[in-house]
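There are 2 protein chains.
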Amino acid sequence: MDNFNFYSPTEFVFGKGREHEAGQMVKKYGGSKVLVHFGGGSAVKSGLLDRVTASLTAAEVPYVTLGGVKPNPRDTLVYEGIDLCKQENVDFILCVGGGSVIDSAKAIAAGVVYEGDFWDFYCGKAAVEKALPIGTVLTIAAAGSEGSGDTVVTQEATGLKRGAGSNALRPRFSIMNPELTMTLPPFQTACGACDIMAHVFERYFTNTPEVEITDRLCEAVLCTMVKETPRVIEDPMNYDARANIMWAGTVAHTNICGVGRSQDWNSHNLEHELSGLYDVAHGAGLAVVMPAWMEFVMPHNPMRFAQMANRVFGCAMNYEKPEMTAKEGIRCFRRFLHEIGLPINFAELGAKEEDIPVLVEKLGLGDGKTWGFVRLSSEDVAQIYHIAAKAAL
Amino acid sequence: MDNFNFYSPTEFVFGKGREHEAGQMVKKYGGSKVLVHFGGGSAVKSGLLDRVTASLTAAEVPYVTLGGVKPNPRDTLVYEGIDLCKQENVDFILCVGGGSVIDSAKAIAAGVVYEGDFWDFYCGKAAVEKALPIGTVLTIAAAGSEGSGDTVVTQEATGLKRGAGSNALRPRFSIMNPELTMTLPPFQTACGACDIMAHVFERYFTNTPEVEITDRLCEAVLCTMVKETPRVIEDPMNYDARANIMWAGTVAHTNICGVGRSQDWNSHNLEHELSGLYDVAHGAGLAVVMPAWMEFVMPHNPMRFAQMANRVFGCAMNYEKPEMTAKEGIRCFRRFLHEIGLPINFAELGAKEEDIPVLVEKLGLGDGKTWGFVRLSSEDVAQIYHIAAKAAL
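In the order they appear, the protein sequences are chains A and B. Using the numbering used here, the first residue of the first sequence is number 178, and each one after it goes up by one. Using the numbering used here, the first residue of the second sequence is number 178, and each one after it goes up by one.
It is worth saying that the hints were derived from the structure and are not from the lab. Be aware that a few hints might be false.
What the hints assert, rightly or not - Among chain A residues calculated to face chain B with C-beta under 10 Å, some are:
id, residue
1, Glu387
2, Tyr416
3, Ala420
Glycine included, C-beta positions come from ideal geometry on N, C-alpha and C.
Please take these sequences and the hints and turn them into a complete structure.
Written out as C-alpha cells, the structure is:
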C-alpha cells in the first residue's frame, strides 16, 4: 500500500426533506450573506429553490441568486458570479443542483478570494489555497462533486474543458435528499449511474498490489450499483434504491475508494473528447469508452479484471485462464449498461468512427503518453476508440 | 434507509514514517502549546515518543508530557491531565498510543474547557459541545478511536466504565504508520482484529431494510479482516497486511459502516461486564460473547445472518433454509477467532459460568430490556452468557 492522506471534512445531511435545513446549515458554517447558485428551470419549477430560499429566510440569512449554469459549466458565468459575490459581500455559496452547478460554485468560491484570473487555477498557473465556504443541495447522483474537492469548467471562447482540485473546495456540508432525484428521466439516471461506476473503476485498475481494503470498498460501491440501478430504471419512485445510489455516488468520489494506490482516469480523459465534440452526456460517453478501454488494457493484468468479474458480476473464476473470466466480466458490464438504456457503441452514442483522428488530435498527446494503469500513446487511444466504435453485445 | 448525518472531518495521514510529520500537523491545526499524552513504556522504549517530540521541537511547538494511561483509562489521570493543561496553557493534545490513550485525551480535551466536573459528560449530566483540538499517533489497530468522536473512561473509585461522544471530540488529524504495529504480540493483534470486526457486526445486524450500500461497505471491512488477519498472525512483519488491517480499523468505526440504519451494540455491552469482572482484554471478551450473541439472536432474522455467511465467509446460500447458512456462518466466525489465537468460551477466557448471575446483575437491566437488533431481557442475557460459557468449535 502506498502512503496517503485522506481528508473528507464535509458534513453529509442525508434523507427525506433535509433541504429544509439548508438555512440552519449555512448559519452553522458561518455564512452571513449567501449566493444561491443553480442551473436551469427544474429547481425552480419543482419548488425546490423556493424551499431552500425559504429556509434561508427562516434562518435570517440574506441571499442573492444566480441561475443559468449549463451542463459543462462555462467560465463566463463564473466571472459573473465572482463579480456578484464581490459586489454583494457574499461570504458563503449555496449551490442547488448537480455536478455542473457545484463545479461552477467551486470556481466562483476560489475566484472571489483570488487577486488574479480564476482561470489560472484551471490552466495550471496557480493552485487553490483558499476559497469561500460552499454548501450544496444535491439533485442528481452522478458526479460526486458534493463530496470532492474537484471542479471542471469549460472556457467558452476556446472550448477547453479543464479541472482544478483542492481540499479548500470541499463543501462544508452537502444536503442529499434522494426524493429530489425521483423525477429524473431514466436516461439521465442511467448516465449518472455509469459516471458513479466509472469513478470507482478509474481507481480500481491500479498498479499498486496488496490494497485489499480499498479493492473491497470499490467492489462494495460497484455491487450496490449493479443491484440498485436496474431497480430505479424500472421503478423511478423507489426511495430506497434511489437512496442507495445517491450515497454510493458520494462514497465513490470522496477518494475513500482510491487511497493508498495508483489510479487511472484515462477513460474519463478519452470521454471528455467525445462529449466535447458531440455534446453527448458524460455518462453516455463513458458507457461507450470504458468497456472498450477495459478490453484494450486487460492483458496488462488479467487477474485484476478477473477479480472484478468474479466479485462484482459473480462470474466463475478461471484461475488457469483468468483472461477468460476477465473477458466475461467486461461483457457483463457492457450488457448491464445496455440494459439500463445506455449506448454501447459510436452509432448508438451519435459519434462517427471517421472522426477518430480528430478525437485523437484533440487529446493532444502527440508523441507522448498518458499516465495511469496502462500508459497510452496516441495509437493506443485510436485503437480504443475503434473498439468503442464497433462494440456489440 | 433512515435519514442520517455523516461527518468525519479527521485528516488521516497514513503510511511509513509519517510520525515525523506530527509537529507540522499540530502547527497546521493551530496548536501552539501541546500536551503529549501516552501510555506505558512501549512508546518510550521503541523510540517513538522521541521521534514525535523531536518533530514538535523541529516545528518549534513547545510541549509538556503526561504518560501512564492504562488499558481502560482512569478518571484519576484525566483529572491530572486537565490540571496540567490549565496550568501550562495547553491548546492542543497530541496522543501517542492506542484507543485507551486517545479516549483519555478526549476526556481531558473536553474537561479543560468545561467549568464543571468532566465526569458529567460520562454519567449523562452534560453533553460535550466543545473541546481542545486533539491529534493522534496511532500504535494499534483496534478501537477506531482515531477516527471517531467516542470515548470510554473508567471511574477508579467505583469501577464504573462509561462512554461519551461528540463530533467536537473527533481528532483533527490521525497519523497512522502500520510499521508501528509490527511489534505487537500476536494475541494483542488478534484482539484488535476482533474488536474491528465487532464494530462492523454491531452495525451490520440492523432492523432497517434496504441499506445495500452500507451492508456492502460492512462486508468490505469484514472480508478484508478475514483475509489479512491470519497473514499478520503468521507473518507479523508483513507491512501490507498490517496496513490493510489498520485502515480497515478506521473505516470500521468512523460510522460510514453504520449510517442510515439501526445498530445493535449489545455484544459490546455484555463484553464490558466480562472485562470489568475478570480484567480480560476487550477483544478477547468479544471473541467469546459475540458468536454466542449471534446464535441467540439469529432466529430474529436468519436471512441477515445467511447473507453475512455467504458474502463474508463464502458459505453456500440455502434459500429454502437460510438458518442453515446462518449457522454455518457463525461456525466459520468462531473457527476464524480460534485460528487467530483467541478464546472462544469462558474457560479459555478465564471466566466462570457460576459468575453469570453476577454479570447479569452488574449489567443492571432489572426488569427492563436493552436496545438493539433484538431487545434483550436479563434472562436473555443470562442465556447468551451460558452459550458463551459452553461454546465449542
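Requested in this report: Classify the hint on A:Ala420 as holds or violated, based on whether any CB of chain B lies nearer than 10 Å to its CB.
Outcome: This interface hint holds because 4 Å falls under the 10 Å limit.
Query raised in the report: Given A:Tyr416 was flagged as interface, is its beta-carbon under 10 Å from a beta-carbon of chain B?
Result: holds (8 Å)
Query raised in the report: Can A:Glu387 be said to touch chain B, with a Cβ gap under 10 Å?
Result: holds (4 Å)
Comparing the model with each earlier hint shows no violations; every hint is respected.
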